[in-house]
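Chains A and B, in that order, are what the protein sequence lines are.
Position one of the first sequence corresponds to residue 1 (the numbering used here), numbered consecutively onward.
Position one of the second sequence corresponds to residue 1001 (the numbering used here), numbered consecutively onward.
Check the hints yourself; a few may be wrong.
Said to hold, decoys possible - With a straight-line Cα cutoff of 25 Å, these simulated DSS-like cross-link-like pairs (lysine-lysine) come out:
| no. | chain 1 | residue 1 | chain 2 | residue 2 |
| --- | --- | --- | --- | --- |
| 1 | A | K213 | A | K183 |
| 2 | A | K262 | B | K1132 |
| 3 | A | K107 | A | K213 |
| 4 | B | K1163 | B | K1189 |
| 5 | B | K1189 | B | K1260 |
| 6 | B | K1189 | A | K183 |
| 7 | A | K183 | A | K203 |
| 8 | A | K98 | A | K264 |
| 9 | B | K1260 | A | K107 |
| 10 | A | K107 | A | K262 |
| 11 | A | K10 | B | K1102 |
| 12 | B | K1100 | A | K10 |
| 13 | A | K64 | A | K245 |
| 14 | A | K107 | A | K183 |
| 15 | A | K98 | B | K1260 |
| 16 | B | K1163 | B | K1102 |
| 17 | A | K245 | A | K71 |
| 18 | A | K71 | A | K262 |
| 19 | B | K1102 | A | K3 |
| 20 | A | K150 | A | K71 |
| 21 | A | K183 | A | K98 |
| 22 | A | K50 | B | K1132 |
| 23 | A | K64 | A | K262 |
| 24 | A | K183 | B | K1132 |
| 25 | A | K153 | A | K64 |
| 26 | B | K1163 | A | K10 |
| 27 | A | K288 | B | K1102 |
| 28 | A | K64 | A | K264 |
| 29 | A | K262 | A | K50 |
| 30 | A | K213 | A | K98 |
| 31 | A | K59 | A | K262 |
| 32 | A | K264 | B | K1260 |
| 33 | A | K71 | A | K59 |
| 34 | B | K1132 | B | K1260 |
| 35 | A | K264 | A | K50 |
| 36 | B | K1189 | A | K107 |
| 37 | A | K3 | B | K1219 |
What the hints assert, rightly or not - Label-pair ranges, simulated between beta-carbon atoms:
| no. | chain 1 | residue 1 | chain 2 | residue 2 | range |
| --- | --- | --- | --- | --- | --- |
| 38 | B | I1171 | A | L22 | 28 to 34 Å |
| 39 | A | K59 | B | F1047 | 37 to 43 Å |
| 40 | B | V1006 | A | N187 | 21 to 27 Å |
Simulated from the structure, these hints should not be mistaken for lab results.
Backbone N, C-alpha and C fix where the C-beta goes; we use that ideal spot for every residue, glycine too.
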Amino acid sequence: MIKRFVYSQKVAPYVFVLPFILIFLIFWFYPLVNSFVMSFQDRMLGQDPKWVGEANYSKLLTDKVFLTAIKNSVVYMLGTLVLLIPFPMLFAVMINSKLMVGREFFKSSFFLPALTSVAVAGTIFRLTFGEMEGSLMNSFLGLFGVEPIKFLKNGEWSMAALLILACWRWTGVNMLYYLSGLKSIDNEYYEAASIDGASAWQKFRTITMPLLKPTTVYVTTISIYAGLAMFTESLMMFNGNNSPKNIGLTIVGFLYRQGIEKNKLGYAAAVGIILLVIAMVINLTQLKFSGMFKKEED
Amino acid sequence: MISRLVIICFFIILFIIIMIPFYAVALSSFKPGESLVRYGLNLSLDFKIMSFDNFIYLFTGEHDYFVWFWNSMILTIVQVVLTLFVSAFVAYGFAAYHFKGKNFLFICVLLIMMVPFEILLVPLYSLINDLKMVNSYSAIILPGIANAATIFFFRQYLRSIPKEIIQSGRIDGANEYAIYFRLIMPIMKPSFAAMAILNGMNSWNNLLWPFMVLGDQSKYTLPIGLKTLLTPYGNNYDLLIVGSFFSIIPIFILFIAFQKYFIDGMTAGAVKG
């Protein structure tokens, strides 16, 4: 009888999605609810929690270090949006043009940096941005007569270093997203535009860009997520979670410092909830703005 | 003709810029770690100080590098196989059936994709602690086994498979699971290849969560191990650079092997919308 029940067409779909339901409830929903509860508590691992109401939140909003972390994360996220959307799009259009040769070669070689781990890439870039005269970036700038810069001790320069690392790792990936977006554009549009005498720029603006919108929305969504949640890059770049004057501290870095290093679970949970709210608000606004909700239906 | 030349030159320059870090690391593998401390990462070809010493040290020296390497290998293989198996199974449920609560559940999938995993670090860690799973690979594998992005990808892929296949299976008297395992799964091969790279890449390179979960040195994975070579008291660059370079190789081979499926398959799900 049980076999009949499980094998029936009515029950089968639930058997298929059951693993997701279980994992979702245990490792996602429960921790999330727990995180919400914890954020109103004063709590340490292995000790009884104490209810403190919204104290964690009000403390956070006046915590200068936390505000620095938010600023760093938001600047980093905006930086990745500005650098990792228009340029990969342009590169994809260029690589896709009839003039290009060696397409496959460039496609896969631009993807290589994404295969490196943060542990490796972060180490490479920390050494590249070393403060010695002979280290890669300084010896390059030296060619133009620039004095050696202490990249990782100065807020603006270290943000630039983090963004260059992000560009190095993700330009190729985003370019691939755009290339597959380009593939779905019907060539007839371009032929029609050519007959009407449109210039290359006009074609790009009126055909390519609008039709790449789903790709752009997707790339924007994942960039917002990744930008706000960045932590390990900074951890590797500064060889630890402590950067001079917190110039490399991100929201997740702050969460990690409070929750894991200092064992203030409640305070860290509140950071998580704030990050969740920021990420959701930005992403939902972005998705609403681009009219994506109408599309996600069967 | 000129514009073709401009484009190609542009891409060659871009290629060189992207490859410089790889070249610099490869070059530094042949230099003593001490020279990195003194001069930083650079492109100078100084044959006087270059040797195979670091490579000899990597293969014969006393360190845990290959323990980490082996751990990463096992963890990545188990994690990828289980994640693909479970996620594809779930995705088929979403793609092939209409059932009560489907939309709600699918919104949950999308929600996970939009919420940074990092916010769950603390509560998830305390859950793992309560479940006595600290220091085990299952704590790394289990939470990600029904991976939202992978489910989403497989579902998009499965939607393009004609429903007639499922119908004909039913007419032939196969049950729902036999239809999935015998008829559908074989068709999904290319999408499995694409997701194997993406999940393999993430698993092989994952640092933060394994770093938190694994306390036992003998269980460290490669990224964690490499990270431990850097300490506030001194850095073992001799091993770090050559080890870093060596760590890229397996994932590079995986990429080359599945590249054909990968480049076409990567976004098939994500972008169609």
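Could you grab the alpha-carbon distance between K183/A and K1132/B and see if it respects the 25 Å cut-off? Cα-Cα ~49 Å, so violated.
Can you confirm whether the C-alpha distance between K64/A and K262/A stays at or below 25 Å? holds, 17 Å
Proposed proximity, K98/A with K213/A (alpha carbon, max 25 Å): holds, 22 Å
Pair hint K262/A and K1132/B, alpha-carbon separation not exceeding 25 Å: Distance of about 21 Å is within 25 Å: holds.
Pair hint outcome, K71/A versus K59/A [Cα-Cα no greater than 25 Å]: Holds: K71/A and K59/A sit about 17 Å apart, inside 25 Å.
Does K1189/B pair with K1260/B here, judged by a C-alpha cut-off of 25 Å? holds, 12 Å
Could you check the hint for me, namely that I1171/B and L22/A are 28 to 34 Å apart, CB to CB? holds, 33 Å
Straight-line alpha-carbon gap K264/A to K1260/B, limit 25 Å: Violated. K264/A to K1260/B sits at ~48 Å, over the 25 Å cutoff.
For K1163/B and K1189/B, compute the direct alpha-carbon distance and say whether it is at most 25 Å. Status holds; Cα separation ~18 Å.
Is K245/A within 25 Å of K71/A, Cα to Cα? With Cα atoms ~13 Å apart, K245/A and K71/A stay inside 25 Å; holds.
Just to be careful, I want the Cα atoms of K107/A and K213/A compared with a cutoff of 25 Å; is the pair within it? Holds, at about 21 Å.
Please verify whether K1163/B and K1102/B have alpha carbons no more than 25 Å apart. holds, 18 Å
In summary, the numbered hints that this structure violates are 8, 10, 24, 32, 34, 37, 39.
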